[in-house]
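Undergrad: Below, each chain spelled out in residue letters.
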Amino acid sequence: MALHTDRRYEEELAHLRQLILEMGGLVERQIGDATASLAAADRTRAERTIERDHQVNRYDVDIDEECLRLLALHQPAARDLRLITTSLKITTDLERIGDMAVNICERAIDLCERPTSLQVDLPRMADTVRKMLRESLDAFVREDADLALSVCKEDDVIDALHAQMFADVLGRMTQDPSLVVVGTAQLFVSKYLERIADHATNIAEMVIFMVKGKSIRHLSVPATI
Amino acid sequence: MTVERGQRAGTSSAPGGAVRVAAASPRADVRLALPSGSVDGAEAAAPARRPKIEARGVDFFYGATQALHDVSLAAADCQVTALIGPSGCGKSTFLRLINRMNDLIPGTRVAGRLLLDGEDIYDSRVDVVDLRRRVGMVFQRSNPFPKSIYENVAYGPRVHGVRDKAVLDEIVEKTLRGAALWEEVKDRLASSALSLSGGQQQRLCIARALAVEPDVLLMDEPASALDPLATAKIEELIHELKERYTIIIVTHNMQQAARVSDMTAYFYLGRIVEFGETAKIFTNPSRQETEDYITGRFG
Chain G
3 MALHTDRRYE EELAHLRQLI LEMGGLVERQ IGDATASLAA ADRTRAERTI ERDHQVNRYD
63 VDIDEECLRL LALHQPAARD LRLITTSLKI TTDLERIGDM AVNICERAID LCERPTSLQV
123 DLPRMADTVR KMLRESLDAF VREDADLALS VCKEDDVIDA LHAQMFADVL GRMTQDPSLV
183 VVGTAQLFVS KYLERIADHA TNIAEMVIFM VKGKSIRHLS VPATI
Chain X
236 MTVERGQRAG TSSAPGGAVR VAAASPRADV RLALPSGSVD GAEAAAPARR PKIEARGVDF
296 FYGATQALHD VSLAAADCQV TALIGPSGCG KSTFLRLINR MNDLIPGTRV AGRLLLDGED
356 IYDSRVDVVD LRRRVGMVFQ RSNPFPKSIY ENVAYGPRVH GVRDKAVLDE IVEKTLRGAA
416 LWEEVKDRLA SSALSLSGGQ QQRLCIARAL AVEPDVLLMD EPASALDPLA TAKIEELIHE
476 LKERYTIIIV THNMQQAARV SDMTAYFYLG RIVEFGETAK IFTNPSRQET EDYITGRFG
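Chain order of the listed sequences is G and X.
Sequence positions in the first sequence follow this note's numbering and run 3 to 227.
Sequence positions in the second sequence follow this note's numbering and run 236 to 534.
It is worth saying that the hints were derived from the structure and are not from the lab.
Any given hint could be a false lead.
Unchecked claim - Within a straight-line C-alpha distance of at most 25 Å, the following computed DSS-like cross-link-like pairs (lysine-lysine) qualify:
#1 X/LYS515 / G/LYS216
#2 X/LYS477 / X/LYS409
#3 G/LYS214 / X/LYS515
#4 G/LYS91 / X/LYS515
Stated by the list, open to error - Quick look at which bits of chain X chain G covers, simulated, 3 or more residues with Cβ under 8 Å:
#5 488 to 494
#6 518 to 532
Claimed, not checked - Label-pair restraints from in silico Cβ distances:
#7 X/PRO463 / G/VAL143: 31 to 39 Å
#8 G/ARG19 / X/PRO463: 28 to 36 Å
#9 X/ARG285 / G/ASP64: 52 to 60 Å
#10 G/LEU23 / X/ASP312: 45 to 53 Å
Think of the CB as a built atom: it goes at the ideal place given N, C-alpha and C, for glycine as much as any other residue.
Kindly produce the complete structure, drawing on both the sequences and the hints.
TA: Below, the structure written as structure tokens:
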């Protein structure tokens, strides 16, 4: 695609994309640190991760301001308009993902006090969720609607993993009530991961809108885009 | 159909177009005087709502230079159609074809069909003076006559044969109200039109065009020489006028096109690249060339 005649505007849009990427990278790291703290029962790492959430919030505010400035000063249209409005919405989802990472850290801290742990496959779920987030952001940067669509499809996998986890943990808690406290905390984490996948899916849907100019939100996921 | 432009009875004797020219009484229901059988037979392709103005495969030549290529566009009644595109793209040339302003330029030639209410504007039987009464025009630079405010508005109806002072008074007031100028000038109707501000002069020119009760209003960058407040008043006026008129506006201000129009046509190198709903054009155009132009990726 041709570059803008106004070079400064071109640079400002590139800067906006860069900010979204930086925020996305930070949030992805937060998820990784949160799930690692949980797996290793590492209270210090969990606390550090919680402290870092203010950086995520800072990006949220900065990106909003940058978007408003671009809207006011350049009256963007078409693809540029969709980039900026999409960015406004993506930051909201990224900020919520950051909060979910904080929630996971809080559960990790709770569980540090508990010697027993259920052997459940949260790390696999966490890896899939991080991959979804990474791919939704890659799709954003590369303006790749096909990649974004594959992220949307992956949400079903996470939903199934969560349902399976729920049934499994619930069954074990029913058999052994001493597992209820630990089991409930782990179910919460599973739910947080499932919500993160939903937010990554929102981002992917917004990317499809940004690239194609058509919304697939609140519809069943199409086979192709 | 191809019509050679040249000397022809009926072409305007008054350069400057509809706003200066006159035909029969504005009260008479004057239609282009064509037998009903001459209406184009291809009505099957027409949309449910018949367009007020319709171009079908229009070519236009300045001598050997072709300025328009196969332009097709339909403008519905009570809608604003914006024509956008870079300088020299043909949008003003197309606008001027609609009331045969290009007739005034020697050596020009039109091919294809350009219809007003389904009747060919370039049919040899069309009375051009009457056409320009029905299709009014407002220009980039306001050009009031060096006469009183009242006389500027009354001029058209007077030339059309309205002599009764009471009737003229009524037309002047009604038209100035319609152009959102009455409250500002009602106490100074005898003052020179040239004493008005630029924005007021432009609204006076719109009033002058409206005084002969046209069906269509052509606007060629009507606000490009005005400040933002005067521009906003013109745009507000366009919103009001579209209740009653078909408006076609040429503008270089894309935000203005986005604000005032229902439909937008993007012209480039004498062709229509894309024609569609304004909201669609400005959020998600179908053609890459349109996208590049409206987002400022051009040249």
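Undergrad: Now, for every hint given, state plainly whether the structure supports it.
TA: How the hints compare with the structure:
1. Annotation: proposed proximity of X/LYS515 to G/LYS216 holds, straight-line Cα distance about 11 Å (limit 25 Å).
2. For the proposed pair X/LYS477 and X/LYS409, the alpha carbon gap of about 16 Å is at most 25 Å, so the pair holds.
3. Only pairs whose Cα atoms come within 25 Å are accepted, and G/LYS214 paired with X/LYS515 is accepted, the gap being roughly 13 Å.
4. Distance hint between G/LYS91 and X/LYS515 is fulfilled; the C-alpha atoms sit about 21 Å from each other, no more than 25 Å.
5. Proximity of the region 488 to 494 of chain X to chain G, defined as three or more residues with a beta carbon under 8 Å from a beta carbon of that chain, is established by the 3 residues found.
6. Closer than 8 Å: that is the beta-carbon criterion, and the region 518 to 532 of chain X has 11 residues meeting it against chain G, so the requirement of 3 holds.
7. At about 38 Å, the CB distance of X/PRO463 to G/VAL143 agrees with the hint of 31 to 39 Å.
8. For G/ARG19 and X/PRO463, the Cβ-Cβ distance of about 32 Å falls inside the hinted range of 28 to 36 Å, so the restraint holds.
9. Distance hint check for X/ARG285 and G/ASP64: the Cβ-Cβ separation is about 53 Å, which falls inside the suggested range of 52 to 60 Å.
10. Checked against the hint of 45 to 53 Å, the C-beta distance between G/LEU23 and X/ASP312 comes to roughly 50 Å, which is consistent with it.
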